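All chains, full assembly: derive it from the sequences and hints.
Chain order of the listed sequences is A, B and C. Numbering of the first sequence is given in my numbering, commencing with residue 2 and proceeding in unit increments. Numbering of the second sequence is given in my numbering, commencing with residue 2 and proceeding in unit increments. Numbering of the third sequence is given in my numbering, commencing with residue 2 and proceeding in unit increments.
Think of the hints as simulated: they come from the structure by calculation, not from any bench. Computed from a predicted model, the values in this text were never measured in an experiment.
Think about it this way: if two alpha-carbon atoms lie no more than 30 Å apart in a straight line, the pair counts; the simulated DSS-like pairs of lysine-lysine are:
{"hint": "1", "chain 1": "B", "residue 1": "K247", "chain 2": "A", "residue 2": "K12"}
{"hint": "2", "chain 1": "A", "residue 1": "K240", "chain 2": "C", "residue 2": "K17"}
{"hint": "3", "chain 1": "A", "residue 1": "K247", "chain 2": "C", "residue 2": "K245"}
{"hint": "4", "chain 1": "B", "residue 1": "K12", "chain 2": "C", "residue 2": "K245"}
{"hint": "5", "chain 1": "B", "residue 1": "K240", "chain 2": "C", "residue 2": "K247"}
{"hint": "6", "chain 1": "B", "residue 1": "K146", "chain 2": "B", "residue 2": "K182"}
{"hint": "7", "chain 1": "B", "residue 1": "K245", "chain 2": "A", "residue 2": "K247"}
{"hint": "8", "chain 1": "C", "residue 1": "K247", "chain 2": "B", "residue 2": "K245"}
{"hint": "9", "chain 1": "B", "residue 1": "K12", "chain 2": "C", "residue 2": "K247"}
{"hint": "10", "chain 1": "B", "residue 1": "K182", "chain 2": "C", "residue 2": "K247"}
{"hint": "11", "chain 1": "C", "residue 1": "K247", "chain 2": "A", "residue 2": "K247"}
{"hint": "12", "chain 1": "A", "residue 1": "K240", "chain 2": "A", "residue 2": "K182"}
{"hint": "13", "chain 1": "B", "residue 1": "K240", "chain 2": "C", "residue 2": "K240"}
{"hint": "14", "chain 1": "B", "residue 1": "K245", "chain 2": "C", "residue 2": "K245"}
{"hint": "15", "chain 1": "C", "residue 1": "K13", "chain 2": "A", "residue 2": "K247"}
{"hint": "16", "chain 1": "C", "residue 1": "K12", "chain 2": "C", "residue 2": "K203"}
{"hint": "17", "chain 1": "C", "residue 1": "K182", "chain 2": "C", "residue 2": "K146"}
{"hint": "18", "chain 1": "C", "residue 1": "K203", "chain 2": "C", "residue 2": "K182"}
{"hint": "19", "chain 1": "B", "residue 1": "K203", "chain 2": "A", "residue 2": "K17"}
{"hint": "20", "chain 1": "C", "residue 1": "K245", "chain 2": "B", "residue 2": "K203"}
{"hint": "21", "chain 1": "C", "residue 1": "K240", "chain 2": "A", "residue 2": "K247"}
{"hint": "22", "chain 1": "A", "residue 1": "K203", "chain 2": "C", "residue 2": "K203"}
{"hint": "23", "chain 1": "B", "residue 1": "K182", "chain 2": "B", "residue 2": "K12"}
{"hint": "24", "chain 1": "A", "residue 1": "K146", "chain 2": "A", "residue 2": "K203"}
{"hint": "25", "chain 1": "C", "residue 1": "K203", "chain 2": "B", "residue 2": "K203"}
{"hint": "26", "chain 1": "A", "residue 1": "K17", "chain 2": "B", "residue 2": "K240"}
{"hint": "27", "chain 1": "A", "residue 1": "K146", "chain 2": "A", "residue 2": "K182"}
{"hint": "28", "chain 1": "C", "residue 1": "K203", "chain 2": "B", "residue 2": "K240"}
{"hint": "29", "chain 1": "C", "residue 1": "K245", "chain 2": "A", "residue 2": "K203"}
{"hint": "30", "chain 1": "B", "residue 1": "K245", "chain 2": "C", "residue 2": "K203"}
{"hint": "31", "chain 1": "C", "residue 1": "K203", "chain 2": "B", "residue 2": "K12"}
{"hint": "32", "chain 1": "B", "residue 1": "K245", "chain 2": "A", "residue 2": "K240"}
{"hint": "33", "chain 1": "B", "residue 1": "K114", "chain 2": "B", "residue 2": "K182"}
{"hint": "34", "chain 1": "B", "residue 1": "K247", "chain 2": "A", "residue 2": "K182"}
{"hint": "35", "chain 1": "A", "residue 1": "K203", "chain 2": "C", "residue 2": "K240"}
{"hint": "36", "chain 1": "A", "residue 1": "K203", "chain 2": "C", "residue 2": "K13"}
{"hint": "37", "chain 1": "A", "residue 1": "K12", "chain 2": "B", "residue 2": "K203"}
{"hint": "38", "chain 1": "C", "residue 1": "K203", "chain 2": "B", "residue 2": "K13"}
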Amino acid sequence: MDLEEIRNEVKKAVEKARETCPLVPSITNTVTINLVANAQLASGGSAAMVYLPDEGEGIGAICQAFYINMGTLLPVYAETLPRTARALQAHHKPWVLDPVGIGLGGLRTVLLKEFRETTPTIVRGNASEIIGLANLWGLDAGIKKEGGRGVDSVDTVDSAIPAAKSLASFIHGAVAVSGEKDIVTDGNRVIRSFGGSILFTKVTGSGCSLGGVTAVYAAVSEPLIGALTAVNMYNAAGKRAAEKAKGPGTFEKYFLDEMYTISAEDVAGNPMEMVEE
Amino acid sequence: MDLEEIRNEVKKAVEKARETCPLVPSITNTVTINLVANAQLASGGSAAMVYLPDEGEGIGAICQAFYINMGTLLPVYAETLPRTARALQAHHKPWVLDPVGIGLGGLRTVLLKEFRETTPTIVRGNASEIIGLANLWGLDAGIKKEGGRGVDSVDTVDSAIPAAKSLASFIHGAVAVSGEKDIVTDGNRVIRSFGGSILFTKVTGSGCSLGGVTAVYAAVSEPLIGALTAVNMYNAAGKRAAEKAKGPGTFEKYFLDEMYTISAEDVAGNPMEMVEE
Amino acid sequence: MDLEEIRNEVKKAVEKARETCPLVPSITNTVTINLVANAQLASGGSAAMVYLPDEGEGIGAICQAFYINMGTLLPVYAETLPRTARALQAHHKPWVLDPVGIGLGGLRTVLLKEFRETTPTIVRGNASEIIGLANLWGLDAGIKKEGGRGVDSVDTVDSAIPAAKSLASFIHGAVAVSGEKDIVTDGNRVIRSFGGSILFTKVTGSGCSLGGVTAVYAAVSEPLIGALTAVNMYNAAGKRAAEKAKGPGTFEKYFLDEMYTISAEDVAGNPMEMVEE
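Dropping the structure here:
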């Protein structure tokens, strides 16, 4: 696919999510769970969040795609996440992993290691998280690092490209790295998407909700297109929202408005470049 | 009561909530807990959320009304919900049940079955949830169904009228069914309230927060009036908010503004019709 | 320090938080956790929320300051809070305690009693909470009371001044009492900060997020200045937001915008008076 064909697929993904309203449940952190759900609704999906093992399994079996975000782990996650991941694998459901906070605490490390066997379809994170996960799984990351600082990245997007490619190849899916200039890769192609706003860094859950919306598009398209559609949506709608916003408070709300109203053409037409093909 | 008398009672409920600031705690899901609290505050109530069994019991004993929402169950709910419901029953406190996600997972089914003995004063839900609860409790629902799709309804409001009437009669209280054209019933009378906005379906927690606000009005009026006041408030304030909003992000904020500033007369005067009397 | 010197320190705290982006994790309630994080980001800090014991310890050891809020306790808090507080003490990290809901439930009382040994650097609360905590710790509070009504205060700020001074002296730190006219004290000096808006009482988490932002400034200044900078920020930015807002919905968003954009000079110049020195 060249960029023109990719744009056409992105456009179809935006339209299909709006038309089919895929059911995309999440197990996600309590900090940003509301924004994840609202962003999924704004993109056209249906959100449903759970904590209990049999609920993860049950809704995992009937969903169109799933989102797992590793922030604010609770004790019950020790059982819920592995059982949900196995159900998703058994039912061949696409799912997105967001390895938030990698490196912090024992349970997070155990669970992330287990996902090496029940691999996600897409991994989304900041540069430090992507580098950390590639290292945790023993893949070639180019750098030896375990994670970031709290939930912040201490690495540049470009420095995470080798890790992102290794991860994407390993999972036979796609990886999106968020930062000043986001990239998406399927292990071979590396596509950069431009736009967005510095205000995303001042709204908690920008990344988490991008993960949730990635899962919405993963429900209606192949991994690379799903990841890229979400990143393009955030960059295009975020840029427009920032033009109206006076700060992070209004930005978050205008962003949801823009995501809900932007045309599929404008998401597909967001500035991109093929870095490697 | 004819519609004119009902409107007068609705007006009094809006005023009394604003004047007396009733304490209306909740046990509710983590996705929309913030909007539930903010909507309760905007309507004039005082919000307080808990998870632990003795906290549910303790604040249940001193509150004016209570709200229980079945979304995002945690393991501790297995003990907290029954103990809280028994405390509410023992202290004759009105409470509102929102059977979100009925049909998903083992614990939710067990807990909802137990509420058949410690009945709520008002049940609020979408059509599929109301039909599901009537069936779970072995009441005449007109249709055999266990729930919806995730948290979404797959049934129309009108198809849930028999289930709503059965439930309301059984609990000797009221039932509100949310959807395109909401209805409220006490088992005999069925009143339809018009207005609102399609944007409510794009804001997570529209229904949950309506449940929380229903509990605020249940603290200051009889069940049918409490349920109807909340539905009218949402329809009237929601319609106004939608006229200003550019999408779901700004809609949520304008809606809280409108709920806080709308006159009691305008809530009472919201378009309604008596479907059955 | 006279008020002029204090203003200069406040100005420096605002600037330093923006320049250094301190890592300020929280263990806080699920109702307002999103607003806490967004307010911390708007003030220049980095937020990270945790629930598990080893995560509290781990991030407590590497953070610049920490925020503990006692709302919506979960079972795991029985272990997480003491272990986190001990880690903060061992690593000499400043931390802010918000004794939300004091008086409700057994676990909250046990945990708050334990904090008498691993004392916070700053306590922030409404008048009833401050009076309740001073009594729980056996300090001279001037009044015998255990708490408020739900999460609301039933006491005036001025009636809590003796309790606030006792607490501040005991912890060798600072205490901030929120209400119509906030005060901050280090046990000797009592400073009143004016401004804000009645709309803060209609937005859930105004107090919680003030606690989180207090921790951000505690990371970059001494306790009295940290507490006062946060209170001044809320009063100055809140007053501006209220001039634009049409109700509590838009107020919350404008407030975050104002916090992000207000000058350090304007925060430092917020109306204050020295009540006792």
